[in-house]
Each structure stands twice: as structure tokens, then as C-alpha cells.
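Asker: Build the full structure now, drawing on both the sequences and the hints.
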Amino acid sequence: MSTYAALSVGLGLGAVLLTLDSGVFHLRWEFPALRGAAERIALCVTAGVTVLALGWLYRLLFSPLELLRTPDEVGYIAEDGRAMARAANEARRRRKVGELPPVYPNGWYRVLDSHMLARGEVKNVYILGMYRGSDGKCEKIPYEIPENGADIAHLGHLHTPGILSGVDLRYTNSKTWDFVRHDWKVEWEPEPEPNSHCSQMLVNHSLTVFGCHWPLLDLHVVARQVGPGVVFLKFDHSFLGRGIMMHCVTPVEPLLQCVTHTMFYQANIPAVVPKFILKAESIQFERDVMIWNNKKYIPKPLLVKEDSAVRRHRRWYSQFYSENSPRLQYQRDTLDF
Numbered sequence: 112m113s114t115y116a117a118l119s120v121g122l123g124l125g126a127v128l129l130t131l132d133s134g135v136f137h138l139r140w141e142f143p144a145l146r147g148a149a150e151r152i153a154l155c156v157t158a159g160v161t162v163l164a165l166g167w168l169y170r171l172l173f174s175p176l177e178l179l180r181t182p183d184e185v186g187y188i189a190e191d192g193r194a195m196a197r198a199a200n201e202a203r204r205r206r207k208v209g210e211l212p213p214v215y216p217n218g219w220y221r222v223l224d225s226h227m228l229a230r231g232e233v234k235n236v237y238i239l240g241m242y243r244g245s246d247g248k249c250e251k252i253p254y255e256i257p258e259n260g261a262d263i264a265h266l267g268h269l270h271t272p273g274i275l276s277g278v279d280l281r282y283t284n285s286k287t288w289d290f291v292r293h294d295w296k297v298e299w300e301p302e303p304e305p306n307s308h309c310s311q312m313l314v315n316h317s318l319t320v321f322g323c324h325w326p327l328l329d330l331h332v333v334a335r336q337v338g339p340g341v342v343f344l345k346f347d348h349s350f351l352g353r354g355i356m357m358h359c360v361t362p363v364e365p366l367l368q369c370v371t372h373t374m375f376y377q378a379n380i381p382a383v384v385p386k387f388i389l390k391a392e393s394i395q396f397e398r399d400v401m402i403w404n405n406k407k408y409i410p411k412p413l414l415v416k417e418d419s420a421v422r423r424h425r426r427w428y429s430q431f432y433s434e435n436s437p438r439l440q441y442q443r444d445t446l447d448f
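Position in the sequence shown (first residue = 1) + 111 = my numbering.
Calculated lysine to aspartate or glutamate pairs in the EDC-like style (CA-CA distance at most 16 Å, straight line):
1. 411 to 210
2. 345 to 392
3. 234 to 224
4. 416 to 298
5. 296 to 329
6. 390 to 177
7. 407 to 210
Label pairs and their computed distance ranges (CB to CB):
8. 203 to 313: 32 to 42 Å
9. 173 to 330: 17 to 27 Å
10. 323 to 395: 16 to 26 Å
11. 229 to 184: 23 to 33 Å
12. 157 to 279: 31 to 41 Å
13. 430 to 169: 43 to 53 Å
14. 271 to 305: 32 to 42 Å
15. 417 to 366: 23 to 33 Å
16. 375 to 286: 34 to 44 Å
Just so you know, these hints were derived from the structure itself, not from any lab.
Here the structure is a predicted model, which means the values were calculated and not measured.
The C-beta atom is built at its ideal place from N, Cα and C for all residues, glycine as well.
Answerer: Below is the structure:
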């Protein structure tokens, strides 16, 4: 039930109540200041607010949470009254991309969720088409996807501020919300054969409020990356329950990706819990997007000891490139996107 639908129902209910005769509608007001029309107007407003509140409560407890962002809505700053789309276009023109690796690493990636494609249905997707055959399996699956490399050291700066401080990196370290801090301890390792195409990142999270550690919100997450474009984040908590978040990266064109986060959660846990986790994760992710939109790729960066995982990750990730992997310069020359 949308907000507009709830408002319409509430106003309609109030209008019906206004047309009822006082002898038919047995409601006795104990407020002497309300009489006649004023009494009925108050009843109409009360009915509308009640329906809106019930609609909001229904969405919170039962409706799936779907957060959608366009490329122009995330990771850019619109100043001096400019539109966000204009600010995004100007940032893209000024950006120095550097000497990029191949833009489409070899691997599997998400095109559509299965519930979005009925049996026998054909849908056009930008870059490619996909067809689900009569056996219910997907055919014509492409093999190349891009991926953003793991950077462990950035967690301490970018994701330490609480989610209440928002996604604008100019204000995330504001003193207003400094009383809430996230602490992270992370280890990244590639998996041995026969799963050398997979890697694991072990994340231990803790929360402090006004300097006091809240052990109830300690969280251990295992992030398993399968190929260059699919990551499964598994967590199990004694109070919040257990769940899996599927993180998929799909190329739209060079330097433009579609990222999806899908949550699967324990059935007997109230829906508000996974919704809160998904919302919190989306805030942390959008902070990364602001960095990615303004970064320059450097093939051989100067790395400190804390950044050793970046070198190991690049070495592991190089297995997804082949001799014929397309590069950005090649695509610009041929106009083949």
C-alpha cells in the first residue's frame, strides 16, 4: 500500500463519516470544544492519519525493501544550485581514468533475477539479450564482468563513522555524530585449488556508542567472492539471526556498472531486522561510490604495509584476464561497446 493510496483511503473514510447521520454513527466525543462540523473534521483527520500510520507499519513489517539509485544520484556533489545530473556529467568529463586493465574480466555475472523472467519470455537487456528456455534454465549467458578490487585499509577511515552521518564524505566525520563509531578487523585470503577462482574476506565488526562497546551488535561476516562479479556475505548472529547477502556487479558499458544487493534472511526473524541491515549496508556502500567516481587507476601504486592485500588481490584477480579481453582504448577506436 503506497502513501498516496493510504491517504486516499483515509480521506475517503473521513468523507463517508462526514455524511453519516449522528443517530446512525454512535460515537460520543468527550471534548466539549468540538461540536458539529468541527467534530467531524477532526474525525476525518484522525481517520486519515490512522490509515497512513497503518500503511507505514504494513510496509515496515511485511513489504520487501527495494532501494533504487541511478548513476547520477550517488557519489556526486551538486553545488551552487546545479542539478545532480549536471554535476555528475562535469565530474565524469574531468575524471582521469588512468591506464585501465581490460574492462570486462572473464566470468559470470547477474543479468536478471529469475522471478523477473517468466518461462518462455524474452527480454531485451542493454548490451545483450537473455532467453529462458522451456526447461526453465537460462541460455545465452555471457562470460565477462568487471569488478572493483578489495581495499582493506580504507575501512578504518571511510566506514568508521556511524550510518547516521550519511553518505556525503564532507560530513561523515562531523562531531555531531561522532559518538557512534564502527570498528573493523579484516583479513583477505585467496582460496586454494580447486577453488582458486574464489577468495574470502573475514570481517569482524564492533560498535561503540559514547566510547562504550556494545557486544550485542558484534558481527562476524564471511564474504566469499566467486569469480570477478559475485560475492556472498554470510553472517550469523545470536540475536539478529543469520542471513546471506548476495552482491552482484554487472557491466553496463566501460566505466559504468549495475550493482545489486539481495538479502536472504532467517524466516522467523522480524522483517525489520534484515531491512535495517540492508539499509545500513547501502549507506556504507554509497560512501565507496563517491570514492570510485573520483579515483584514478594506477597500475603500480606506491603501497604501504597496510595495503599489502591490494597487491595480493590484484595478483589473484589477474587470472580473469585473457589475451583477448577488451580494453577501453580498443573499444573507443572501434565504437564497439
